[in-house]
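Fit chain B to the known structure of chain A by using the hints.
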Amino acid sequence: MYKLYNQGVEPCVIRLSDGAFIPFDPANSDYQAYLKWVNEGNIAQLADEVKA
Amino acid sequence: MATTITAGITTSTALNITTDTSGVLNFQTAGSVSAMTISSTGVSIPGALIANTATITSATIASATIGTITSATISSATVANLAIGSGSVTTALGQGNASTLKNRIINGAMVIDQRNSGASVTPTNGQYSLDRWYFFVSQSSKLTAQQSSTAPAGFNNSLLITSSSAYSIGSGDFFSFQQKIEGYNVGDLNWGTANAKNVTLSFWVQSSLTGTFGGAFGNGAANRSYPFTYSIPVANTWTQISITIAGDTTGTWATNNTAGLAVYFSLGTGSTLSGTAGAWAAGNYQNATGATSVVGTNGATFYITGVQLEVGSSATGFEYRQYGQEFALCQRYYEVCSTTYLQAAQAGGGSNIVTGQYRVTKRATPTLTLTQVVGSGGGQFSNTVDNWSASAAVDGNGRIGWSATSSAEL
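These protein sequence lines map, in sequence, to chains A and B. Each residue of the first sequence is one higher than the last, beginning at 1 in my numbering. Each residue of the second sequence is one higher than the last, beginning at 1 in my numbering.
This is chain A alone, in the form it adopts within the complex:
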């Protein structure tokens, strides 16, 4: 399970099992695992709203 995250400079996705921030870098193996998960038909949770 994943959740999108856009509170910082670079948007990324949070892996909910351990809270890790996974960058949208094609060379990152965790991002590759996330893409595989998405390709299996799964959808990440939406990001929290950015606080002013």
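Everything labelled a hint here was simulated from the structure, so no lab data went into it. All values reported here derive from a predicted model rather than from experimental measurement. There's no promise every hint is true.
Derived DSSO-like pairs: lysine-lysine, alpha-carbon spacing no greater than 30 angstroms straight-line [to be verified]: (1) B/LYS180 to A/LYS36; (2) B/LYS180 to B/LYS102; (3) B/LYS197 to B/LYS102; (4) A/LYS3 to B/LYS180; (5) B/LYS197 to B/LYS180; (6) A/LYS36 to A/LYS3.
Over the 12 angstroms line for every Cβ pair with chain A, so calculated as not near, a few chain B residues [said to hold, decoys possible]: (7) VAL33; (8) SER34; (9) SER140; (10) ASN223; (11) SER231; (12) TYR323; (13) GLY324; (14) ASN397.
Facing chain B, from chain A, some residues (calculated, C-beta under 10 angstroms) [as the list claims (entries may be wrong)]: (15) TYR5; (16) GLU10; (17) CYS12.
Backbone N, C-alpha and C fix where the C-beta goes; we use that ideal spot for every residue, glycine too.
What follows is chain B alone, placed relative to chain A:
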């Protein structure tokens, strides 16, 4: 008709052969063709020098071109200037510890353990034990892994795997540990081309089991494999293994910052991921068919250390790198970052951000895991191959603090 000239039978009677007026002595085998000429400038042998057995006690060869030496052993020699156009220099396995960054395996001596500090782990699929060593398991809780101080002479650590049950392998099961090598570090192998180089994998292994064990080489895309076998003949005794394979002349082998080459050591693999040993195959094989299953025997132990992968057709001595050097190599893929604080005097009421610099530039933008030490809320603010930053709301003393780990494993 041959003529034999014989010296006197007593030691005091020598056979003297006098040169011509120019000082040249020719030994001819056919007509005017000289087999050997001795002159004041030296000895000339125009043809091949052939000897079944010869011992040269001391000689100086001023200049020579030697075509082919079929087999020779030089026990001791000093060579002022030697160029080897094609060939290899062999040293005895376990000797010759020249350090030239020849070993493509990182943490082959099992010294670095950033994640677990020597503690035993029950790896899940994709979990790392010692640095750079990754477990690939289809079933949970069938084995444990940890750094061990049991090691052969010349080493201080090994990776110990202990079977937790007597598990019967199913066709689709897989239990192995592997190291993926970054493409930049194997690009010179020229795999996937006609110029593919041979490589030799060597390691020390000890097990409570005996028999034929297996593993495999594979590419990053997991569609090229070379299963291999090795033998452990005596239980609970260190055995040094050397496996040489021909480089793959086909397939796609990454030469960038992605996975270039993977080396698998099987602990039990079903038929789906097992292939014929000793040949390249199109497919994803992690083991050789019929190899021993470590997880099949409850309490079985398997130790390994001194893992080295080098170019060439023979194993040379293990390359000992300095600890700091090996540690930095590991940190390209995984780093535990010290806690970074923002002091009260600096913290404001708005965005409070701490920044940490990675000690080693990462292979790719890493996955960042943050642990909040002081403050509340917030999270990652930025993350690059060189540094990270995180935000938070300050605590009652106006401080925030985060620690982090970053992973850019392959």
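Discussion item. Please list, smallest to largest, the hint numbers that this structure does not respect.
Written reply: none
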